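**Student:** Chains as they are written, first to last, in the numbering used here: chain H, 1 to 199; chain Y, 1001 to 1199.
None of these hints come from the bench; they were simulated from the model.
Source: prediction; values computed, not measured.
Treat each hint with caution, since some may be false.
Stated by the list, open to error - Simulated coverage check for chain Y against chain H, where a stretch passes if three residues somewhere in it have a Cβ under 8 Å from a Cβ of chain H:
{"no.": "1", "segment": "1047 to 1061"}
{"no.": "2", "segment": "1090 to 1096"}
{"no.": "3", "segment": "1106 to 1115"}
Claimed, not checked - Sample of chain H residues with no beta-carbon within 12 Å of chain Y, all distances over it, derived:
{"no.": "4", "residue": "G87"}
{"no.": "5", "residue": "D97"}
{"no.": "6", "residue": "G108"}
As the list claims (entries may be wrong) - Calculated Cβ distances over 12 Å to all of chain Y for the following chain H residues:
{"no.": "7", "residue": "R11"}
{"no.": "8", "residue": "A16"}
{"no.": "9", "residue": "G57"}
{"no.": "10", "residue": "L81"}
{"no.": "11", "residue": "T91"}
{"no.": "12", "residue": "M121"}
{"no.": "13", "residue": "G125"}
{"no.": "14", "residue": "D146"}
{"no.": "15", "residue": "L163"}
C-beta atoms are modelled at their ideal positions from N, C-alpha and C, and glycine is treated no differently.
2 protein chains.
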Amino acid sequence: MPDELIAIPARSGKAAFVTRGQTVKVINTHGEQVVDTWAFSRADLTEFMSMEHSRAGIQRLIPAVGDAMLTNRRRPILTLLEDTSGGIHDTLMAACDVYRYQRLGCDGYHDNCTDNLAQAMRNIGLAPPETPSPLNLFMNIPWTADGMLSFEPPVSTPGSYVLLRAEMDLAIAFSACPQDVLPINGIGRTPTEAHFALA
Amino acid sequence: MPDELIAIPARSGKAAFVTRGQTVKVINTHGEQVVDTWAFSRADLTEFMSMEHSRAGIQRLIPAVGDAMLTNRRRPILTLLEDTSGGIHDTLMAACDVYRYQRLGCDGYHDNCTDNLAQAMRNIGLAPPETPSPLNLFMNIPWTADGMLSFEPPVSTPGSYVLLRAEMDLAIAFSACPQDVLPINGIGRTPTEAHFALA
Chain H
1 MPDELIAIPA
11 RSGKAAFVTR
21 GQTVKVINTH
31 GEQVVDTWAF
41 SRADLTEFMS
51 MEHSRAGIQR
61 LIPAVGDAML
71 TNRRRPILTL
81 LEDTSGGIHD
91 TLMAACDVYR
101 YQRLGCDGYH
111 DNCTDNLAQA
121 MRNIGLAPPE
131 TPSPLNLFMN
141 IPWTADGMLS
151 FEPPVSTPGS
161 YVLLRAEMDL
171 AIAFSACPQD
181 VLPINGIGRT
191 PTEAHFALA
Chain Y
1001 MPDELIAIPA
1011 RSGKAAFVTR
1021 GQTVKVINTH
1031 GEQVVDTWAF
1041 SRADLTEFMS
1051 MEHSRAGIQR
1061 LIPAVGDAML
1071 TNRRRPILTL
1081 LEDTSGGIHD
1091 TLMAACDVYR
1101 YQRLGCDGYH
1111 DNCTDNLAQA
1121 MRNIGLAPPE
1131 TPSPLNLFMN
1141 IPWTADGMLS
1151 FEPPVSTPGS
1161 YVLLRAEMDL
1171 AIAFSACPQD
1181 VLPINGIGRT
1191 PTEAHFALA
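Build out the structure end to end from the sequences listed, making use of the hints.
**Tutor:** Encoded structure:
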């Protein structure tokens, strides 16, 4: 029986509880959607997946299959078990927020991953203690030898996925990034839904 | 008249208030000392210099002369005006903490930059709302084309410095990193003092 797919609606967030040892498959349903991803310990929400602690632990800019992402207390929280997406993700960029879209010239409110995180967590009865820097699945931020960074379209394909294993009881939260000014969700700049499944 | 030098004692932290428009010269006195650096808005300590927001703004892994580091609300907070140190700094690695030294095999308490930040802020009557990922001045974390990272000795020389301009009223905090297991403070693994001066 296939796992039940849970939608992360376009431009929106979605969170769920995951038990230690369960897996989470995050699917790039339409192939070009960045999915900002956070994980918080169920036992204490102030312990959460941290990009800056993970990079020190894995000594890579992007996690590879077999790598365990670490919390801000340096404990494994999510291990990358499989990746059919091409292996390009981002650990460098903050979640987008109202200030980002103001700087990009948008008038008025723009959906953003920071607010999506808060809303998704509220929907399962939680409040994030802060907005940790997210694991930006499928996001393509290449670097050069001299450290220049750019915002590029994903290399992933429709239906490709990453499989993560929970190393503690946790709340996982996703945002299907609403970025439609830069081409990080494809050159069509059209955010789409994505999906995940727990097993 | 030369600026008054303020010591950041070896393995310790030091904080100071800085007014918008003032400059802060951070001096690598003995040449091989990493200086973790944080900045918090005086008006609201929950607004602070953020590596993940800064990287999105400057589109570099390491700030270059002329770059403005951004807060978590995407406002300029510190601009890099001069750099005689060789231009190698780090924005990728979390401040060291008790968990880091436990993982590195240390028994008992080890001085660490996270606790140094808290102590330095307490000494000027403030409490940091969290431990933001620091700007690790003089820290040498090279990356490869395929994203591998390593912990290497600084390339800076005795007396070399960076000059920063405050873009808002702020509290700046430093930690002379007490790392003595990895060679990031030189192959001698001997943390030293550093200095700063306000003008």
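**Student:** Now tell me, hint by hint, if it's right for this structure.
**Tutor:** Hint check results:
{"no.": "1", "hint": "1047 to 1061", "verdict": "holds (count 10)"}
{"no.": "2", "hint": "1090 to 1096", "verdict": "holds (count 3)"}
{"no.": "3", "hint": "1106 to 1115", "verdict": "violated (count 0)"}
{"no.": "4", "hint": "G87", "verdict": "violated, 10 Å"}
{"no.": "5", "hint": "D97", "verdict": "violated, 7 Å"}
{"no.": "6", "hint": "G108", "verdict": "holds, 17 Å"}
{"no.": "7", "hint": "R11", "verdict": "holds, 19 Å"}
{"no.": "8", "hint": "A16", "verdict": "holds, 24 Å"}
{"no.": "9", "hint": "G57", "verdict": "violated, 8 Å"}
{"no.": "10", "hint": "L81", "verdict": "holds, 19 Å"}
{"no.": "11", "hint": "T91", "verdict": "violated, 9 Å"}
{"no.": "12", "hint": "M121", "verdict": "holds, 17 Å"}
{"no.": "13", "hint": "G125", "verdict": "holds, 23 Å"}
{"no.": "14", "hint": "D146", "verdict": "violated, 8 Å"}
{"no.": "15", "hint": "L163", "verdict": "holds, 20 Å"}
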